[in-house]
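With chain C's structure known, arrange chain W on it following the hints.
Taken in sequence, the protein lines are chains C and W. For what it's worth, the working numbering labels the leading residue of the first sequence as 1, then goes sequentially. For what it's worth, the working numbering labels the leading residue of the second sequence as 1, then goes sequentially.
Check the hints yourself; a few may be wrong.
Claimed, not checked - Some chain C residues close to chain W (C-beta under 8 angstroms, calculated; not the full set): (1) Met56; (2) Met59; (3) Thr61; (4) Asp63; (5) Arg68; (6) Leu178; (7) His386; (8) Asn418; (9) His425; (10) Asn429; (11) Pro444; (12) Asp450; (13) Asp453.
Claimed, not checked - Pair by pair, the computed Cβ-Cβ distance ranges are: (14) Leu287/W with Thr229/C: 49 to 59 angstroms; (15) Gly80/W with Asp114/C: 54 to 64 angstroms; (16) Gly80/C with Glu286/W: 31 to 41 angstroms; (17) Thr443/C with Gln175/W: 29 to 39 angstroms; (18) Met59/W with Ser77/C: 14 to 24 angstroms; (19) Glu286/W with Ser249/C: 38 to 48 angstroms; (20) Leu266/W with Asp114/C: 38 to 48 angstroms; (21) Ser249/C with Glu281/W: 57 to 67 angstroms; (22) Pro384/C with Gly58/W: 38 to 48 angstroms.
Treat the hints as calculated values from the structure; they're not laboratory data. Please read these numbers as outputs of a predicted model, since none were measured by experiment. For each residue, glycine too, the CB sits at the ideal point set by N, CA and C.
Number of protein chains: 2
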Amino acid sequence: MTAHPPQRRLLICFISLLFSAIALADTGASKNVILIIGDGFDDQHVTMGRNYLAGMSGMLTLDKLPFRGAVQVETFSAAGQPVYVADSANTATAIATGAITSIGRVGTDIQDRDLPTIAEQAIASGLRVGLVTTSSITDATPASFLTHVSSRSCEGPEEILGSTYYGVPQPTCPQDALQNNGPGSIIEQLAVSGAHVLFGGGEKFLGQITARGESVRSLAERHGLRVLTEPGELENLRIDQAVMGLFDSENLEVRWRGTDGRRAALTETSWLHQLSDYLGEAKEPELMACEPNPEFEATPELAFMTHTALRRLSTNNPQGFFLMVESASIDKQSHKRNPCGSIGEVAQLEEALALSLEFARQHSNTLIIVTADHAQSAQILPEPSHYSEYPIPIYSPGHTARLRTREGSVMRINYATNNGFSEEHTGANVPLFANRTDQKLLTPFLRQRDLHDVIAAFLFDEGASGPVKD
Amino acid sequence: MTAHPPQRRLLICFISLLFSAIALADTGASKNVILIIGDGFDDQHVTMGRNYLAGMSGMLTLDKLPFRGAVQVETFSAAGQPVYVADSANTATAIATGAITSIGRVGTDIQDRDLPTIAEQAIASGLRVGLVTTSSITDATPASFLTHVSSRSCEGPEEILGSTYYGVPQPTCPQDALQNNGPGSIIEQLAVSGAHVLFGGGEKFLGQITARGESVRSLAERHGLRVLTEPGELENLRIDQAVMGLFDSENLEVRWRGTDGRRAALTETSWLHQLSDYLGEAKEPELMACEPNPEFEATPELAFMTHTALRRLSTNNPQGFFLMVESASIDKQSHKRNPCGSIGEVAQLEEALALSLEFARQHSNTLIIVTADHAQSAQILPEPSHYSEYPIPIYSPGHTARLRTREGSVMRINYATNNGFSEEHTGANVPLFANRTDQKLLTPFLRQRDLHDVIAAFLFDEGASGPVKD
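One chain only, chain C, in its complex shape (with noise of 0.2 angstroms):
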């Protein structure tokens, strides 16, 4: 079909404008990092992403990314010996401050001194900065972004004190509390942080009071920020008030499970297996698929989080911003041995770098890393064993999922890295995923810690809006 002149002109119009409009938005001055982690995102649950939701030949958004690196995660005991297996505590702290420290510390070193973050650094710079997660706000990875504390179990006025998680005392962090001088609980220091986006659960301690009387919530408020628990909300608010929003009472709802809610379970073996190792028969559990979780129907996703944060950060905003967006239930559901829960949690991911890549596309000084904090539990298993043919029982000991794909095949998905509750994490280097070639830090081989100075050097070396950091 032939266009008429007037409507081609129209048109070549039409696209002139378009074409202006960004290249007004993008005023070139400001640079942006959007830093996006998945938590226990390592190879095999990048894998499992990619083989149920782009086919075991297809492409994940991330995997169309020009640079992908390998990062080193480092961890010390007390005593400042290393350590192979990381918390997401520790992790994000080395990532947000350059240091390396002790599991579950949140932005202290092993001596309990403060370690000063990149998105402090960028709100002293005049930048504004954005914490988006589905776990609560207060949780280990967004938290080591911007408070100190020498436990992340010390969450709000009422646990820093003193908690127990399932039936154990936790750290309680007695230095930190308001009353003795400290500058109190995670969620205290968040709501006087300054910083311009706060959004994922946590609405529980809002209603908690702090050492000098007053609710979380009056204590936010006080400090410039508008709290919400409800995403309709945002639609009244002035599109540059900083805001925190809390819309679950802890961790936010994941969007898959398994058929009828089943997760990873133990193969079932017959009572002559009791005998012998040799003997009797073992029974896999059933073939599954990923389906809706019908507990996230009123839960907002990460990608309206992400789009909402990048609205609020960006608009009327010469000076740019730092944006930390994560998955945080790809880890938490592999703890749980739930690999639809994982499973969905990548495809939440996915949409937040999609819409982040296209933000991008739009204001050109924008650099998005996207990396895991930490390996986790779960393995992908030949379906059926390489052994199959041998006459005898052959399982793994720990806990089994059979996932039916989109595509038809069946992918077996192992966790037994404990006989406990809840599985382990694990020690493998991290991925890492970014849109540009051309920042000089950005190595293939990194050490986690390595990855503020990454971020540093693109916000503040080369910029006016910043200084030069040492």
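Quick look at chain W alone, frame taken from chain C:
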């Protein structure tokens, strides 16, 4: 200290001669590819190697390479359906031929059609070809570069019509047998392949008799290969003579073992724990370290075989070469739950890589790729468990080894993919490292079959020494 003028002149003269010699050696026209495959060398195994050999904050030689990417492993079922965990036969076939095939297949597709390999294309184009491995030369990885059979078990004329493994009958390849006008078993096809260097194990095949009544040794010699079984015999051989060196009966011994030969073991639990998951005690295996394996003593090192192969492939050869170097027992030792066995073979791979990089510095038209064929079972777990403060016995249901590292920490390695005599492969994408960033097909994300195209483009598309690839 100041050099006297005559000494300085001599020094300058010597340096000039040295550089001239290097320039002479680097003809510029010939192109060389060194493909180093770590069997089962996924990111958990890379990190195990890094932590033990270089320390938590150290770097392996491969970490210093300027390019890193990830490779998705693809496998078909016999019916052409996606399969998510591979074996070394179908993966090496994908790399060698650019095609996806099914488990156990060597150089053949799922319809049993022979697939042309990159090594055969190299020989046809006048390049030299070498295969170096620490496994039997007939094992799946080397075999897939120069032979075509329907099953990896058809290693020799005695096996092609029937063999057993742990008492279980293995697939046969009657259509490939010489007596049925096929090309013969793997060792028979290697013997007549036109390869210039074949180094590994598999001496036991030399005495097998082909269907035409001659020994495999005689067949190889009749096709121009000098056959030897002791590394010392290489000294008396013309430097550019084609050679088959098989230095052990089957696979080569490995360099390291655990203290007193110990491997990972099951955790012992008290009788009370048999009554309830919440009661009793769990006793994890004692610490171990890595020590020299006494059985390795007479075994040629991978670095020695690689160095010898590079000299023999490059001397008096204006046409370039393709060399595949495999550290095979990273995988084989993980099947056996022997972390020191695997780590020692990572050390061997590192040494072969260092030699290859030195060669590439003197021969600039050399592409070095390091990758794995598939992921494997080992995982690094927290030591102690992240749940050790809970008052119940917490342990992995699989086999555990607790390794004292050189920097004085403990690295806990877990194997829990099955209950049988051998662990399973796993399905994560695998890492890839390269010494060059100038290859446009070498993108951060590849499917395994794309590696064939990367190598073909380097060897044939841009040089004068081979045909242009379609």
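Against the structure, the hints:
Annotation: interface hint on Met56/C holds; nearest CB of chain W at approximately 4 angstroms, less than 8 angstroms. Checking Met59/C against chain W: minimum C-beta separation of about 7 angstroms stays under 8 angstroms; hint holds. Taking 8 angstroms as the C-beta cut-off, the interface hint given for Thr61/C is violated, the closest approach to chain W being about 11 angstroms. This hint holds: Asp63/C has a C-beta 4 angstroms from the nearest C-beta of chain W, less than the 8 angstroms allowed.
A cut of 8 angstroms between beta carbons decides the hint on Arg68/C: the least distance to chain W is about 4 angstroms, and the hint holds. Interface hint at Leu178/C: violated, since its Cβ lies 27 angstroms from the closest Cβ of chain W, which is beyond the 8 angstroms cut-off. The beta carbon of His386/C comes within 6 angstroms of a beta carbon in chain W, closer than 8 angstroms, and the hint placing it at the interface holds. Taken as an interface hint, Asn418/C checks out: its beta carbon lies about 5 angstroms from the nearest beta carbon of chain W, inside 8 angstroms.
Here the hint on His425/C is kept, as its CB sits about 6 angstroms from the closest CB of chain W, short of 8 angstroms. Because the beta carbon of Asn429/C sits about 5 angstroms from the nearest beta carbon in chain W, less than 8 angstroms, this interface hint is met. With a cut of 8 angstroms, the hint placing Pro444/C at the interface with chain W holds, because the nearest CB-to-CB distance is about 4 angstroms. Proximity of Asp450/C to chain W is violated relative to the hint, the smallest CB-CB distance being about 11 angstroms (cut-off 8 angstroms).
Nearest Cβ of chain W to the Cβ of Asp453/C: about 15 angstroms, over the 8 angstroms cut. The hint is violated. Between Leu287/W and Thr229/C the Cβ separation comes to about 51 angstroms, which falls inside the hinted range of 49 to 59 angstroms. Separation of Gly80/W from Asp114/C is about 59 angstroms and conforms to the stated range, judged on CB atoms against 54 to 64 angstroms. The hinted range of 31 to 41 angstroms is not satisfied by Gly80/C and Glu286/W, whose Cβ atoms lie roughly 25 angstroms apart.
Under the hint 29 to 39 angstroms, the C-beta atoms of Thr443/C and Gln175/W, about 50 angstroms apart, miss the expected range. The given range of 14 to 24 angstroms is respected by Met59/W and Ser77/C, whose C-beta atoms sit roughly 22 angstroms from each other. A C-beta distance of roughly 45 angstroms is found between Glu286/W and Ser249/C, which places it inside the suggested range of 38 to 48 angstroms. Distance hint for Leu266/W and Asp114/C: a CB-CB separation of about 44 angstroms, consistent with the stated range 38 to 48 angstroms.
Taking the beta carbon of each, Ser249/C and Glu281/W are about 37 angstroms apart, not inside 57 to 67 angstroms as hinted. Evaluation of the 38 to 48 angstroms hint for Pro384/C and Gly58/W yields a pass: the beta carbon distance comes to about 40 angstroms.
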